[in-house]
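Put chain A on the given structure of chain S with help from the hints.
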Amino acid sequence: MQKRLANWGNYPVVSCEERSFSREDQLQEVLDTQPSLIARGNGRCYGDASLGAYSISTLKYDKVLGFDTGEGVFECQAGVTLDQILEIIVPKGWFLPVTPGTKFITVGGAVASDVHGKNHHVDGAFSSHITDMDVITSQGPVTCGPDQEADLFWATCGGMGLTGIITRVKFRLKKISTSYIRQRQIKARNLEEVIRLFEENKHYTYSVAWIDCLQKGDSFGRSILILGEHASPEELSAQQRTAPLQLPAKKKLTVPFNLPSFVLNTLTVKAFNWLYYAKNTKREINNVVSYEPFFYPLDAFLHWNRGYGKAGFVQYQFVLPLDQKDGLVAILQRISDKGWGSFLAVLKVFGHQDSLISFPMEGYTLALDFPVRKGLLSFLDELDALVLQYGGRIYLSKDARMKQEVFWQSYPHVQRFAAIVKHYNSNCQFRSLQSDRLLLTDTELAVNSPKLPADSLH
Amino acid sequence: MPTVLILGAGSDMAVAIARQFAAEKYDIQLAARNISSLQAQQQDLGIRYGIRATTHAFDALDFGSHAAFYDSLQPKPDITVCVFGYLGDQEQAQSNWQEAGRIIHTNYTGAVSILNIVANDYAARRQGAIIGISSVAGERGRQSNYLYGSAKAGFTAYLSGLRNRMFHHGVHVMSVQPGFVYTRMTEGLKLPPLLTAQPTDVATAVVKGVKARRNVLYVKWFWRYIMLIIKSIPEFIFKKLKL
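Listed in order, the protein sequences are those of chains S and A.
Add 1 to a position in the first sequence, counting from 1, and you land on the number used in this note's numbering.
Add 2 to a position in the second sequence, counting from 1, and you land on the number used in this note's numbering.
So here's chain S without its partners, still in its complex pose (with noise of 0.2 Å):
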């Protein structure tokens, strides 16, 4: 049976099959009958990455594995979500090496994506933590780490799902001994003072910004810098102090419609963005709040994303070289003059990364959300012209839209990204929407050199 789905920004919605495992012979009678395909967690992707003609959840192979709670290693199928983990893994002291602003993706689309947190720039993205996995590709089964089968596990993290079906994932934890995060939020008049703040603060494990885009003149980049450590039982007020590894109450909102598309307009985004820096009357606040909304603030609103109507949005995000400082200006100040609205603007230091295909490098990274409407596209491919030629790149997880030479041009190491799929996925078996705009899966084009070089990535 057809069915309508979208990822996270509705944009696209396509009719698409799709059906669930929730064992490996299962899985392995679809992998048998369906020609191509591509695997689906919780939809947290913005974009096409995980839509194509037949669709494969994993949400129903959720099961978890080991949890060695003195190593703080934890291991589970691939369809296990983060807020999940987060229950099982809290009141025992351990946290999520990385996480993303959402708690609700999978393990799966975690690897697939490489996500990346507030911490990347001490603690790197999401494969960094990763023991081993097991990917089921066109080769059959291969388990694959850092140190076996690397050229396929590089390949994985952050591929986008082109290698196979990721199956299983055993990664380490962090220890914390509170479920607490000491938090410190500076508000920076403009762009230049939040570039220097993040480097003055770069020792803090967690560090994200939140921009109004939308200011021009001496305000240009105003914005809240939001700092945070793991709480120590001492710093925790004598209630906290009962309870140090409690998880947070759950309460959910819900946006229950599609909103009008004229509800979020340059007015009501501009009275947002000044009503979220006005809260914070001083310059600077210290507390110590739950991780729930230090992490993850939009998670409290259940389909926010229906905010933004039928039309759904685009969720731009890419990152520029640290000596690109002005590129960042340049392309900012391209979107503040157009005016055309982002809810969200959020701004992060990255760490160096050295990856095959993951999004993130040393940099600057920005990510926005635009509303579709008509002229939105060929705005976004300028804005991609001028990442580009600042040497950046856009994030695939969040792309519903870049164009494939864009995408050829701005990831260094995408031929031999390519050459490894081709070897693991050698019928185009694994495509997406996403995969054959991006020339990926596209068997004329793909690139003809099966033979990959013995040295390894790392």
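Think of the hints as simulated: they come from the structure by calculation, not from any bench.
Be a bit skeptical, because a hint or two may be false.
Taking lysine-lysine pairs in the PhoX-like style, the calculated list, with each CA pair at most 25 Å apart, reads [stated by the list, open to error]:
| no. | chain 1 | residue 1 | chain 2 | residue 2 |
| --- | --- | --- | --- | --- |
| 1 | A | Lys-192 | S | Lys-251 |
| 2 | S | Lys-93 | A | Lys-27 |
| 3 | S | Lys-217 | S | Lys-188 |
| 4 | S | Lys-4 | A | Lys-192 |
| 5 | S | Lys-326 | S | Lys-339 |
| 6 | A | Lys-192 | S | Lys-61 |
| 7 | S | Lys-61 | A | Lys-244 |
| 8 | S | Lys-93 | S | Lys-171 |
| 9 | S | Lys-311 | S | Lys-217 |
| 10 | S | Lys-251 | A | Lys-222 |
| 11 | S | Lys-280 | S | Lys-217 |
| 12 | S | Lys-311 | A | Lys-192 |
| 13 | S | Lys-61 | A | Lys-222 |
| 14 | S | Lys-176 | S | Lys-93 |
| 15 | S | Lys-326 | S | Lys-203 |
| 16 | A | Lys-210 | A | Lys-27 |
| 17 | S | Lys-375 | S | Lys-339 |
| 18 | A | Lys-210 | S | Lys-61 |
| 19 | A | Lys-210 | S | Lys-251 |
| 20 | S | Lys-4 | A | Lys-213 |
| 21 | A | Lys-192 | S | Lys-326 |
Cβ pair distances, simulated, as ranges [unchecked claim]:
| no. | chain 1 | residue 1 | chain 2 | residue 2 | range |
| --- | --- | --- | --- | --- | --- |
| 22 | S | Gly-71 | A | Gln-145 | 54 to 62 Å |
| 23 | S | Phe-258 | A | Leu-230 | 26 to 34 Å |
| 24 | A | Asp-61 | S | Lys-176 | 41 to 49 Å |
| 25 | A | Asn-36 | S | Asp-443 | 38 to 46 Å |
| 26 | S | Thr-132 | A | Arg-167 | 49 to 57 Å |
| 27 | S | Trp-275 | A | Asn-217 | 54 to 62 Å |
Heads up, the beta-carbon is just placed ideally off N, CA and C, and yes, glycines get one too.
Structure of chain A alone, referenced to chain S:
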């Protein structure tokens, strides 16, 4: 700790029911034909909920083995949930006895065979609860699935009679009529979202229902009324419908 036996532990509904009981700190006995397929589920329950989960080989169609299977359970379960079922292929079953027999023997004969044994033990000990997952398909036969439906109708009548008998022994029997549920079994079908429950909805209703000692549980309350309407259609009209 109290223990729950899940018969047919591998299905989507059974996975959810086991988790819901485990979250309430019940130890779980997982029973299915192929125990190697239960290993991941066993680890999952133990790690998530800190309870003891065990696996047991059980084949609903191997009636002769049922007594030995139940004897081997240690401890004896406080609650037994009979989840297994087989939808089968109606069209094939109309002309192929093997398929028809499999539908009948899985949904009815096999369930009766094992639950008789469980019920006698519970009656002797004057304790325990039995939960049978039946189906609204058993409330009126329709051309699209009357083999499955008639087997479930038999199972529903069995549970009702068992409830009557066991009441006098202080043993509770609950029949569950889930209605449409999003599971692998129904994945290819177009189901009306309002009428369709998630496996976790079934699980929550089952655990809540057995605590409240409900007799007949409809997971979504309006199914009771939908089935009332369907049952009240006169036969001379009903037989002409394409259902």
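### Query
Failing hints, ascending?
The structure conflicts with hints 1, 7, 9, 20 and 21, although it agrees with all the remaining ones.
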